[in-house]
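Enquirer: Listed below, chain by chain, are the residues.
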Amino acid sequence: MIATSKRLLSFIKKYVINVGKELYTVYSRNLKFKVGFTLFIAMIILGLFSLFSPPWYKSWYGIPKDKPPSLTSIHMLLGTSSNGRSIFWMITNGILNSIVISLITAVVASHIGLFMGITAGVKGGLVDKLLMFITDSFIVIPGLPLLIVLTMLFKEYLTIPALGLMISITSWPWPSRQVRAIVLSLRERDFMVTARLSGIGTGKIILTEMMPHLLGWHFINATNTVLYAIATEAGLAVVGLSILSEDTLGTIIYWALNYAALYRGIWWWIVPPIIMLVALFVSLYLISTGYTEYLNPRFRRR
Amino acid sequence: MISRTLLVYIAMRTVIFFITLLTAFTFVFFLLKAMPTNAVENIIASMTAQGQVYDPKALIALRKSLYELFGLTGSVMEQYFKYLYRFFVMDYGPSIIAFPTPAKDIIMNRLPWTIGLLGFSTVIAWVVGNIIGTLTAFFEGSRISKLLESVAVVIYPIPYYIMALILVYLFAFLIPIFPLTGGAGIISGQFTIEVIVDLIRRSMLPALSIIITGALGWWFLSSRTLTINVLSEDFSVYAELRGLPRTHILRKYVLKNILLPQVTALGLSLGMIFSGALLTEIIFAYPGLGELMYRAVSTGDYATAIGVLSFSILGVATATYILDIIYPLIDPRVRYR
Chain A
1 MIATSKRLLS
11 FIKKYVINVG
21 KELYTVYSRN
31 LKFKVGFTLF
41 IAMIILGLFS
51 LFSPPWYKSW
61 YGIPKDKPPS
71 LTSIHMLLGT
81 SSNGRSIFWM
91 ITNGILNSIV
101 ISLITAVVAS
111 HIGLFMGITA
121 GVKGGLVDKL
131 LMFITDSFIV
141 IPGLPLLIVL
151 TMLFKEYLTI
161 PALGLMISIT
171 SWPWPSRQVR
181 AIVLSLRERD
191 FMVTARLSGI
201 GTGKIILTEM
211 MPHLLGWHFI
221 NATNTVLYAI
231 ATEAGLAVVG
241 LSILSEDTLG
251 TIIYWALNYA
261 ALYRGIWWWI
271 VPPIIMLVAL
281 FVSLYLISTG
291 YTEYLNPRFR
301 RR
Chain B
303 MISRTLLVYI
313 AMRTVIFFIT
323 LLTAFTFVFF
333 LLKAMPTNAV
343 ENIIASMTAQ
353 GQVYDPKALI
363 ALRKSLYELF
373 GLTGSVMEQY
383 FKYLYRFFVM
393 DYGPSIIAFP
403 TPAKDIIMNR
413 LPWTIGLLGF
423 STVIAWVVGN
433 IIGTLTAFFE
443 GSRISKLLES
453 VAVVIYPIPY
463 YIMALILVYL
473 FAFLIPIFPL
483 TGGAGIISGQ
493 FTIEVIVDLI
503 RRSMLPALSI
513 IITGALGWWF
523 LSSRTLTINV
533 LSEDFSVYAE
543 LRGLPRTHIL
553 RKYVLKNILL
563 PQVTALGLSL
573 GMIFSGALLT
583 EIIFAYPGLG
593 ELMYRAVSTG
603 DYATAIGVLS
613 FSILGVATAT
623 YILDIIYPLI
633 DPRVRYR
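As given, the protein sequences belong to chains A and B, one line each in that order. Under the numbering used here, the residues of the first sequence are numbered 1 to 302, in order. Under the numbering used here, the residues of the second sequence are numbered 303 to 639, in order.
Simulated from the structure, these hints should not be mistaken for lab results. Don't be surprised by glycine CBs; every beta carbon is placed ideally from N, CA and C. A few of these clues could be false.
Stated by the list, open to error - What the simulated footprint calls covered on chain B by chain A, stretch by stretch (three residues with Cβ under 8 Å from a Cβ of chain A suffice, anywhere in the stretch; the number is not a length):
| hint | segment |
| --- | --- |
| 1 | 381-388 |
| 2 | 454-461 |
| 3 | 589-600 |
| 4 | 612-625 |
What the hints assert, rightly or not - Chain A residues, not near chain B, derived (Cβ > 10 Å throughout):
| hint | residue |
| --- | --- |
| 5 | 59 |
| 6 | 66 |
| 7 | 72 |
| 8 | 119 |
| 9 | 188 |
| 10 | 239 |
| 11 | 257 |
| 12 | 268 |
| 13 | 295 |
Given these sequences and hints, build the entire structure.
Expert: So, in structure tokens, the structure goes:
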């Protein structure tokens, strides 16, 4: 028991160190990745500010309402909303919640995709056909209408983790298809044949021979899933179909629209969440294209 | 001339089309079964609790259709087949938004609106995006190309609904040249010139939000990448070495090669219009499927909401099916298998 847990620990340690090294290499070589990664880290740090939010930040009319941004105190930094809440704390909490939802989706969906893709690609034959058929059927189900019906059905049971899981339902098929395509092309390479002929088991081949080649794409898939999940949650929230009692970037926009902030000139309520969303999208997109350029020189700028 | 292989191919694709639909519908069936409370009785209770008097026959029909949609009557197999039957014949029972009118009729009324707006703007975005993308790749290194590329990197990841909000702010509030809501003038049903002009003016902003994000986003980036790839192929380099005029290379070498994948992608995104841009309609109160779904969700009208969902599944599946069948006709490199 202790031996296995030690081995597992050393494996995780190696995994983390390798991923760190890899990220550092890409970071120092690719400008897009560098900009995107820095921006994303900055967003996370801004989100982590929410840990210091005062206990009353959720209550209404705790501070004067509709006040424009001023430097008098940290609560007033971005002004206040029409129900007397500090927009600064709403934004920081919103960023963190949006990122948490999307990270849950990324972890769940991209790993389902990875697992399905590897199984289909390695096993081949009937298993491959069956799994890909299921994947294709899920691609046919349009994501947004499905999620709208789901939020309608499970409205009372929505929590932040549940929302992350729900968005996973529509976001695993693409990673799965992509991983399968890469596995199929890997299977034909010389080193795979060598490995198979030297009698290494399938499990070990996947872990030691395939994973190093797959990890980069897995990372890109996960990044794209984060992007998709943030966009989807915000989209659902903007029309009022998310968890409206929690602050996410989308629900802040919803409430601002609900109070007609746009037409009453309370721009400091609606502009910050939009800017933060755009910054998140751009940073994630830069991370994913930067990494793709690093992995696949064909996309590199000439 | 129709060969045997073609027939076999079409037959296979048709079978796969139906099995895919079956799988997707089955999945939705399980989701509806997972619904924790008896939604149907809640809906009917809340309807009658408002004190309005409804036609009892219509109410019974509503209860029956909802019970079958949610799979609540009979044995499991019976539930499943009744549900599937309703999905395949598109009979979702009476809607609640406009009570005894069947949900299918409401959806059918809204359908042309969605197809009109999204079909039109998808095609425009495709044309504009491809022209700009190909040209910027062709004249890579010029200042305008560099500018457009950085604009695209920012615009591409922005979802269309955020673009819609930005446009509303700019053109309906700061510079009020466009009305806020789309398509409301048509209810009268008369198609005079004024009504049509009004319709176009009202649809302008929703269309623009989709065109800008589409043209400067995905279509721009994909056609640019494709062009760069074609230009780095040996035959293009050779053509340039032979001293062929640039316009000739553009027309005969680049366009021919990039149109193929782009036409495919256009077909796919036309199929996706049922799931795409639902949010634009909600933001602009445009009377399409998206707005209908939104109203259905907010009034608890399950029949209509499920109807729109199954419609969009049908739309996407049909588009993929048609594309698969005609694709080998466009691309001589792909043969029917």
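Enquirer: Could you work out which of the previously given hints the structure breaks and list their numbers from low to high?
Expert: The structure conflicts with hints 1, 10, 11, although it agrees with all the remaining ones.
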